[in-house]
Amino acid sequence: MSATVTIPTQLRSLTGGSGQVQATGATLADIVADLETKYPGMRERLLDDSGKLRRFVNVYVEDEDVRFIGGLGATIPDGGKVSIIPAVAGGAPEGHLRVQATARL
3 MSATVTIPTQ LRSLTGGSGQ VQATGATLAD IVADLETKYP GMRERLLDDS GKLRRFVNVY
63 VEDEDVRFIG GLGATIPDGG KVSIIPAVAG GAPEGHLRVQ ATARL
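Here the sequence shown is numbered in my numbering, starting from 3 and rising by one per residue.
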């Protein structure tokens, strides 16, 4: 099975700058293994030391979050779309950013 994998900006250094790549596999685990073969370092960026998806990495097959459809065992349809989306967190703590407006009369 072949799938188009959307690569986030943070991982494009591994793919030579490509935002979309092709990978083969029947499951997400197979896709990750194929990505690692083609783009060394990808596995460690996606999976933790126990082999599970990293906490702050979201992966979707078509429009489904893989955490709800089998995780690494999620089936990848032939010609399917896999999207890797890093979670975004952070920002300024409350009260950190102050906006001051002045009126001129």
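Read the hints as simulated data drawn from the structure, not as lab findings.
There could be a bad hint or two in this list.
[Said to hold, decoys possible] Under the rule of at most 30 Å between Cα atoms (straight-line distance), these lysine-lysine pairs were calculated in the BS3-like manner:
1. K83 with K54
2. K54 with K40
3. K40 with K83
[Claimed, not checked] Pair by pair, the computed Cβ-Cβ distance ranges are:
4. G81 with D51: 11 to 21 Å
5. G18 with F70: 11 to 21 Å
6. D51 with D80: 13 to 23 Å
7. R45 with A89: 15 to 25 Å
8. G21 with A89: 27 to 37 Å
9. G81 with G21: 10 to 20 Å
10. S4 with R45: 16 to 26 Å
11. T17 with G82: 10 to 20 Å
Glycine included, each C-beta is placed from N, C-alpha and C at the ideal position.
Status of each hint after checking the structure:
{"no.": "1", "hint": "K83 with K54", "result": "holds (20 Å)"}
{"no.": "2", "hint": "K54 with K40", "result": "holds (20 Å)"}
{"no.": "3", "hint": "K40 with K83", "result": "holds (18 Å)"}
{"no.": "4", "hint": "G81 with D51: 11 to 21 Å", "result": "violated (33 Å)"}
{"no.": "5", "hint": "G18 with F70: 11 to 21 Å", "result": "violated (32 Å)"}
{"no.": "6", "hint": "D51 with D80: 13 to 23 Å", "result": "violated (32 Å)"}
{"no.": "7", "hint": "R45 with A89: 15 to 25 Å", "result": "holds (18 Å)"}
{"no.": "8", "hint": "G21 with A89: 27 to 37 Å", "result": "violated (19 Å)"}
{"no.": "9", "hint": "G81 with G21: 10 to 20 Å", "result": "holds (18 Å)"}
{"no.": "10", "hint": "S4 with R45: 16 to 26 Å", "result": "holds (19 Å)"}
{"no.": "11", "hint": "T17 with G82: 10 to 20 Å", "result": "holds (18 Å)"}
When the structure is compared with the earlier hints, violations turn up for hints 4, 5, 6, 8 and for no others.
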